[in-house]
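Based on the provided sequences and hints, a complete structural model is requested.
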Amino acid sequence: MLSFAIRRGLDGLLSPTGTHARQSPHDAMVNLSHLFGLDVGLAEQYRTLATQDSTRKKLVQAAKDPVWGKIVGRSAELRGEIGAVEQRVRELQEQAKGFRVLPEYENIRAEADELEQEIRRLRDQDTVDRHNLLEMREAATDVAEPDDRYLEEAYEQLGVLMGQEVRRRFDDVRAFHQTVVRNRERQLREEVARVEERLTERARERERLGERQSALLTMLSEGGALDALTALQHVLAQEQARLEALRHRFQAAQTLEASRREIEGKRIELETATAEDLEYRAAVTDEANRLFNVYARRLYSDARTPYLAFTPGKQKIQIEAHIDTDNSRGVHNMVIFCFDLALAVLAHRGRRGPDFLVHDSHLYDGVDARQLAAALALGAEVTEEEGMQYIVTMNSDDLTKAESEGFTPTGHVLEPHLTDQPDGGLFGFRF
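First residue of the sequence shown: 1, per full-length UniProt numbering; consecutive thereafter.
Please keep in mind that the hints were generated in silico from the structure rather than gathered at the bench. Some hints here could point you the wrong way.
Simulated restraints on C-beta separations [stated by the list, open to error]:
1) Ile268 / Asp11: 30 to 38 Å
2) Gln240 / Thr272: 41 to 49 Å
3) Tyr280 / Glu385: 27 to 35 Å
4) Glu94 / Ile268: 21 to 29 Å
5) Asp423 / Phe356: 51 to 59 Å
6) Ser3 / Ser396: 20 to 28 Å
Once the Cα atoms are required to be at most 16 Å apart in a straight line, the calculated EDC-like pairs of lysine to aspartate or glutamate come out as [what the hints assert, rightly or not]:
7) Lys314 / Asp53
8) Lys401 / Asp365
9) Lys57 / Glu264
10) Lys314 / Glu269
11) Lys314 / Glu44
12) Lys314 / Asp277
13) Lys57 / Glu262
14) Lys314 / Glu276
15) Lys314 / Glu271
16) Lys401 / Asp368
17) Lys266 / Asp53
18) Lys266 / Glu44
Predicted model, so just to flag it, every value in this text is computed and none were measured. Built from N, CA and C at the ideal position, the CB exists for glycine as well.
And the structure:
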C-alpha cells in the first residue's frame with residue numbers, strides 16, 4: 001500500500017494503478033480501494049474470484065494432459081468408467097455371496113484331475129480297440145476255403161490219371177483246410193465279441209466317471225478353499241476402493257466444470273454490487289475526479305479534458321486516469337503525478353494514508369520544462385495546504401529547467417550534508 005505513496009523506478013511508472021511490474025492488478029485494486037475510501041470488501045471478492053478462476057484454468061489445462069488428466073479427468077469419461085466398475089463390483093459381490101468354503105477343496109480338485117486322466121486313458125484304449133475291431137471284421141470277411149479243383153484239371157490236361165490214394169490225400173488236405181478256416185472264423189467272432197464287450201464296459205465306466213467328475217467340478221465352481229475366498233474378497237475390496245476414487249474424481253470434475261459458470265455468475269453479481277456501491281459513494285469518486293481534473297488543468301490548461309473514472313467490471317473495479325492528449329511519455333508521467341497527488345490527498349484527509357508523497361527523478365524524464373515547473377509548484381502548494389510533504393529526488397539539470405520556467409526552489413531544496421561522524425550520514429541515512 002505504501003508503494004502508492006513512494007513511487008520509484010521505471011517499472012513503477014507503467015500505469016497509474018500499478019507501482020511495479022510484478023504487482024497483481026487485484027492486489028493493487030485492494031490497496032487503491034482502501035486509499036480512495038471505496039468498499040475494500042468488494043475488491044477482496046474480485047481478488048478471490050480471480051484466484052479461483054486461475055486455479056480452475058490450471059486444473060482444466062491439467063485435465064487435458066495425458067498424465068495429469070488421470071488425476072481429475074472429464075465427467076463424461078468418468079461416468080462411463082464408473083458404470084463399468086460398478087458392474088464389476090456387483091459381479092464380485094455375487095460371487096462372494098454364493099461362495100462356499102470346501103474344507104477338502106484340494107482333495108476334491110485332485111480327484112477331479114485323476115478322473116480326467118482316467119477318462120482320457122479309457123478313450124485311448126477305445127481308439128486302439130476300435131482300430132483292431134475294424135481289422136478283425138475285415139479279416140473275417142476275407143477268410144475262405146482254398147479251391148483245389150484246378151489240380152484235377154491240370155492232371156487231366158497232362159494226361160495223368162490220379163489214383164485213389166492221391167485223391168484220398170487231396171480230400172484229407174481239403175478237410176484240414178476247412179477245419180482251419182472254421183477255427184479262424186470262430187476265433188475272430190470270439191475276439192470281436194470280446195472287443196465289443198470291452199468297448200461297452202468302458203462306455204459304462206466313462207459315463208460313471210463323467211458323472212462323478214461333473215459333480216466334483218460343480219462343487220469346485222460353487223466353492224473353494226478359504227484362501228480362494230480371501231483372494232476374492234481382496235479383489236472385491238480393491239474394486240470398491242477404485243470405484244470410490246472414481247466417484248471422488250467425478251465429483252471433482254463436475255465441480256470443476258460447474259465452477260466456471262459459478263464464477264461467471266458471481267462476477268455478474270459482484271459487478272452489480274460494485275455499481276451500486278459506486279453509486280452510493282458517488283461523493284468520494286466525484287471528489288477524486290474533481291481533484292484530478294483540477295491538477296491536470298493546472299499543468300495543461302483548459303485545452304485538455306482530464307478525468308478520473310471509476311466503473312464496475314467483471315474482473316475488477318476499473319479506475320481510468322485520462323488526459324486528452326498525445327500518448328507521449330511525458331504526458332503519461334504527468335497523468336501518474338496527478339493521480340498520485342489526488343490519491344495522497346484523499347487518503348490523508350480520510351486518515352487512510354501517510355502525510356507524504358514521494359517521487360523519484362524517473363517521473364520527470366521526458367516532461368516539458370513548463371509542465372515540470374508547474375508540477376513542482378503544484379506539489380508544493382497542495383501538500384502545504386493539506387499539511388503534507390511532497391518529496392522529489394531530482395537531477396540538478398532538471399531543477400535548472402524548472403527554474404527557467406519560473407519555479408522558485410528556495411525553501412524547498414534540502415541541501416545535502418555529508419559527515420563521517422558517528423552520528424552523521426546523508427539525508428538521514430547512516431553508512
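Please test the hint of 21 to 29 Å on the beta carbon pair from Glu94 and Ile268.
This hint is violated: roughly 51 Å between Cβ atoms.
Lys314 and Asp53: Cα distance at most 16 Å?
Within the cut-off at roughly 12 Å; holds.
Has the given pair, Lys314 with Glu269, been kept, meaning a C-alpha gap of at most 16 Å?
Given that 16 Å is the threshold and the Cα spacing comes to 9 Å, the pair holds.
Quick one: are Gln240 and Thr272 within 41 to 49 Å, going by C-beta?
holds, 47 Å
Given the hinted pair Lys57 and Glu262, is their alpha-carbon gap at most 16 Å?
OK: Lys57 and Glu262 at ~14 Å, within 16 Å.
Holds or violated: are the alpha carbons of Lys401 and Asp368 at most 16 Å from each other?
Within the cut-off at roughly 9 Å; holds.
Between Lys314 and Asp277, is the straight-line Cα distance small enough, at 16 Å or below?
The given pair, whose Cα atoms are some 15 Å apart, holds under the 16 Å limit.
Per the hint of 30 to 38 Å, is the separation of the Cβ atoms of Ile268 and Asp11 within bounds?
At roughly 34 Å between Cβ atoms, Asp11 and Ile268 fall inside 30 to 38 Å, so the hint holds.
Is the hinted pair Lys266 and Asp53 satisfied, with a Cα-Cα distance of at most 16 Å?
Holds, at about 11 Å.
Under the criterion that the straight-line Cα-Cα distance not exceed 16 Å, is the pair Lys314, Glu276 satisfied?
holds, 14 Å
Taken at face value, is the distance from the CA of Glu271 to the CA of Lys314 at most 16 Å?
Distance of about 6 Å is within 16 Å: holds.
Can you confirm whether the C-alpha distance between Lys314 and Glu44 stays at or below 16 Å?
Given that 16 Å is the threshold and the Cα spacing comes to 13 Å, the pair holds.
Violation of the numbered hints given earlier is confined to hints 4, 5; the remaining hints are satisfied by the structure.
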